[in-house]
Amino acid sequence: AQTVTQSQPEMSVQEAETVTLSCTYDTSESDYYLFWYKQPPSRQMILVIRQEAYKQQNATENRFSVNFQKAAKSFSLKISDSQLGDAAMYFCAYRSPQGAQKLVFGQGTRLTINP
Amino acid sequence: NAGVTQTPKFRILKIGQSMTLQCTQDMNHNYMYWYRQDPGMGLKLIYYSVGAGITDKGEVPNGYNVSRSTTEDFPLRLELAAPSQTSVYFCASNPQGYNSPLHFGNGTRLTVT
Numbered sequence: 001a002q003t004v005t006q007s008q009p010e011m012s013v014q015e016a017e018t019v020t021l022s023c024t025y026d027t028s029e030s031d032y033y034l035f036w037y038k039q040p041p042s043r044q045m046i047l048v049i050r051q052e053a054y055k056q057q058n059a060t061e062n063r064f065s066v067n068f069q070k071a072a073k074s075f076s077l078k079i080s081d082s083q084l085g086d087a088a089m090y091f092c093a094y095r096s097p098q099g100a101q102k103l104v105f106g107q108g109t110r111l112t113i114n115p
Numbered sequence: 001n002a003g004v005t006q007t008p009k010f011r012i013l014k015i016g017q018s019m020t021l022q023c024t025q026d027m028n029h030n031y032m033y034w035y036r037q038d039p040g041m042g043l044k045l046i047y048y049s050v051g052a053g054i055t056d057k058g059e060v061p062n063g064y065n066v067s068r069s070t071t072e073d074f075p076l077r078l079e080l081a082a083p084s085q086t087s088v089y090f091c092a093s094n095p096q097g098y099n100s101p102l103h104f105g106n107g108t109r110l111t112v113t
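Protein sequences appear in the order of chains P and Y.
So the first sequence is residues 1 to 115, counted in this note's numbering.
So the second sequence is residues 1 to 113, counted in this note's numbering.
Just to be clear, a hint being listed does not mean it is correct.
Keeping only pairs whose Cα atoms sit at most 27 Å apart, straight-line, the calculated DSS-like set for lysine-lysine is [as the list claims (entries may be wrong)]:
(1) P/K78 to Y/K44
(2) Y/K9 to P/K70
(3) Y/K9 to Y/K57
Calculated from the structure, these hints are not laboratory results.
Only chain Y is shown next, with the shape it has when bound in the complex:
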């Protein structure tokens, strides 16, 4: 049981490049989330999904896209990377039920230069 797995751990992008951050979980959780954490700050919600085929915007969705074709996978796509997207990105999952804590991946540190 690997939990929530994020790849890559680190990435450097040039301005205008695109990339996909991968997130997969093996716990059959319905709910999945993408957060970003800027230096010295709390986590802000980018996108979330309550099940395969269902996604919705969070607090800071601009510049990102997601898809949820399977229960296990929830990739985050960055199009036309900008320096403002330099951050640490966390994927998390949860079974349906708000009394259970989120399971977090170990994060992806992204630098856009």
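Here chain P stands alone, though its shape is the one from the complex:
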């Protein structure tokens, strides 16, 4: 079974600076999808960015980008020019193309933005 590990329970960053959230995963599959979700205090689950394993190019969405290292099974999220609205829980998730295509989540990282 696949597992996802986020080793940073909490992170903080100054407004306008850059922060990187770590994620590692374990799988024997060669094709899969990886996601980062944001959960603000409203508890809504918001998709931030996604990466297909067979694509070597790292995904980018405005101020959010990933560093995908397939051999190392690492999938970190970089937030540039941090804004107060970025404060939230961030979850890394793995999705297999097999079966019911369930999402497997990491434990989450709570990000605080200091003004």
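Given chain P, put chain Y in place with the hints provided.
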């Protein structure tokens, strides 16, 4: 197009009571899921369904039951509620195809006292 709708938003149960968490989606998605999120933790899969009439257990199914009589609805039943079931419950759906993101409901906060 309402997406995934969960009811109720909040509920307090006494130990031993039962209740059903409702989930409905209007996107004609085949795949539906129930997750629970304990305080400060990630989401864990309770049950899932790949279509009407087909359900299966996830990682933490004990104390729960589901049914999927229609494509739209995927209710989660708690029998004999226990304090360990205090959590936030999320329903999600997805069209068949693993490259599309899950559509989540807004969650139900359940407290068992």
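Now the hints, each set against the structure:
The hinted pair formed by P/K78 and Y/K44 meets the criterion: a straight-line CA distance of about 25 Å does not exceed 27 Å. Straight-line distance between C-alpha atoms of Y/K9 and P/K70 comes to about 39 Å, which puts the hinted pair past the 27 Å bound. Distance hint between Y/K9 and Y/K57 is fulfilled; the C-alpha atoms sit about 24 Å from each other, no more than 27 Å.
Going down the numbered hints, you'll see the structure goes against just number 2.
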